[in-house]
Amino acid sequence: MTDTELSELLHTHTPEPPPSIDLHGMAARIQADADPARRRRLIPMTAAAAVIATVAVAGAVARLPGDGSAPTATSGRSASATHSGSSTMASGARPSQAQLAWARMLVDRLTGQTFVPLGADWDFQQVGAWTDPAGSEQPYLFALNDRRITSRIDLSSTPQVPLPAPRWADGRPVPVSPLPLRDTFNRLLAGGCRGCAGRVKLKPLTVTGASPSTMRVRTTRGPAVLPAWRFTFAETRVQALEAAVDVPMAAASNSTTSIPPMSSVDRVTVAADGRNLTASFMTVPCGQRYAGYAVESDHAVGIVVVASNPSNRNCAAPAGLSRVTVHLAAPLKDRVVIETVRGSAVEVDR
Amino acid sequence: MGRPDSFTDFVTEQGRGLLRTAWLLTGDWAAAEDLVQTTFTRAWRHWDRVGDADDPPSYVRRIMLNCHLKTLRRRWNGERPTPVLPEVAGVDGHAASDIRASLETALATLPPRQRAVVVLRYFSDLTEAQTAAELGCSVGTVKSQASRAMATLRSHPALAGLLTVEATR
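Chains as they are written, first to last, in this note's numbering: chain A, 1 to 350; chain B, 1 to 169.
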């Protein structure tokens, strides 16, 4: 192996960071933690938040109209909401019937599932980096994101080496079925973000090769290694790795356009009592107040975050981390927590 | 530089590249995220100094290397708690055919400073002199570390046995 070959190997096969790493949120956290003025303000605010939260939990829990219509889910338990370090009762913020129905559907999808990956786009990884992402490669970059991909290879072929069985990190088998190449290619096409390219003119990518591979994913029960197919393209050295397992994908992001917008929860912390969840999410703090609601089943808890008043469209504040506290009807225990925009599982700090 | 919005822009623009470098140094996304967050936290404390640097991304990468190597020195014999038992090498024969897994395995065999030299020279595409400046050592040390690292990587079975099975066209 020459120096050039090693360099090419590192450039091509060093993976892109997973989408679960939120750099914008990281910057916001660092700045917030380092701001001494904010720390001083936080002490009385925390005390006020504790008082208000106690009042909220002790007070009557609002039953929403239409509660209990889903057979396995109890829904709409109101809770205290905090935003940017201050605590407010978002009395006017309630999810709509459409939002609750969507959340119930997402929660019910998890019934009986033992393998639940974390994050919405867990099944796809870009391999290698674009050399000119803002120039000549931009049409292909957006084509990959939009999944504008065709294949010139025989997708019915079987690999010379059989795909490995899905397994947990300790070697135990994961109870999911591997997918053949054609189904994995269809799964690749079903992901991505339609219409996210804006005015960029896309140039479709052409698959010229597919090799069996593996993919590590984080799940609610720890890391797992899955079989995957690595797709190579005629137009770029960037490759696509798609998990070859028969596991439901996160709901399409454009599915949420038919319901009022909700904020997507990134992370959840559960209190010692197991009943109070603090969910954090990115927002643009433009005078909105947020409230969190839980849609519960025996297997999962969906967090619905709604804003109490419309955003000020002229506001140009930078995005920041917000939190809501949600009270559960029963302790969380080993139930999965999902965000209810796309229905993907969220990491829980216990 | 010096303003909060410039810091956020810097993190979002440079973060992905730093994360990939951190992944090559640590071989683990969770550790890479921790390393990058520690790096940006230190950079934010001295944000004016970062802004005054000739090459701010290079300055921040140097912070990251120092953090990484210092942490390893501190924990040279430390126990590493893991939520699950570590994977046993060779359990999944197919994993060896995954180029990324092979790369990860081979890099993990290098001592930390040799690994840092490989990442800076062959991933960040720095010259020997730039690598020496970032690691705070002489060019001669960089040359010898790179030479030893290349010898280890060349003889590593994981990289020698890369497997690519192209589908039938």
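If you are wondering where the hints come from, they were derived from the structure by calculation, not from laboratory data. Bear in mind that the values here come from a model prediction, so they are computed numbers and not experimental data. Quick reminder that beta carbons are idealized off the backbone N, C-alpha and C, glycines included. Some hints could be false.
To be verified - Coverage of chain A stretches by chain B, computed from C-beta distances (three or more under 8 angstroms per stretch; other residues unrestricted):
# : region
1 : 13 to 26
2 : 110 to 116
Stated by the list, open to error - Examples of chain A residues toward chain B, derived with CB under 7 angstroms:
# : residue
3 : Met-1
4 : Leu-10
5 : Ile-30
Structure-based check of all given hints:
no., hint, result
1, 13 to 26, "holds (count 10)"
2, 110 to 116, "violated (count 0)"
3, Met-1, "holds, 5 angstroms"
4, Leu-10, "holds, 4 angstroms"
5, Ile-30, "holds, 5 angstroms"
Comparing the model with each earlier hint shows a violation of hint 2 alone; every other hint is respected.
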